[in-house]
Amino acid sequence: MSRHLFSSAVLLLFVLLMCCGGAAVHAEGNTATAVQLPTCVDLFVPDKTQVERDGGRRTRDSFASPSLASAGGVLVALAEGHIDYTDSLQRGSDWLNYADIVAGHIKAAESWSSRVAEVNATTWKVRGVFSRTSKVDHVGIASFPTTIARGKKVFLLVGSYDRTFKEHEGYWATDGWDLQVGGG
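The sequence shown maps to residues -27 to -1, 1 to 157 in mature numbering (1 follows the signal peptide of the UniProt record, and there is no 0).
The calculated lysine-lysine pairs, modelled on DSBU-like cross-linking and capped at a C-alpha distance of 30 angstroms, are:
1) 98 to 126
2) 98 to 80
3) 139 to 108
4) 108 to 21
5) 21 to 80
6) 98 to 21
7) 126 to 80
8) 125 to 98
9) 125 to 80
10) 108 to 98
For each label pair, taking beta carbons as the anchor points, the in silico distance ranges come out as:
11) 38 to 108: 19 to 29 angstroms
12) 86 to 126: 20 to 30 angstroms
13) 109 to 83: 36 to 46 angstroms
14) 25 to 149: 21 to 31 angstroms
15) 130 to 98: 22 to 32 angstroms
16) 14 to 117: 17 to 27 angstroms
Keep in mind the hints are simulated off the structure, nothing from the lab.
From the three backbone atoms N, C-alpha and C, an ideal C-beta is built for every residue, glycine too.
Generate coordinates for the entire structure from the input sequences, incorporating the hints supplied.
Given below as structure tokens:
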């Protein structure tokens, strides 16, 4: 039985090599041309991008989970904005961070180079659009912004929860899970 299986496998390999094998083709007259790569732009830069919220401006320590939508001639970019949580009592909070949802918009009708210039200039604004309350022993976290555009509206789906320090147990508990939908 094993000799029959081996023969079948060799025959199958031979057929595959015959059918799927390709020969090298000599390219004539092709010359290397310079390909222009698209210009990339950093929308959310840690410790640099200023986020407006409640009349104030502050940078974020990191950004995560970006999302992009286009509606009504505007490109909307969203992300989680993380701020490292600092606990004056240092109760095992080195890994904790506050997270809100931040958004910036760019006119989609413009050329790519003008979009890049707008984002790189200081005129590009990023705003906080969703957050949970944070205070001593209580950290609000908004996560995974998901967007969908319908017509001229953008809808945002955000998951959120709280981390609360349990004094008697000595650990950070997760509770208050919520799912929010907003549109604009």
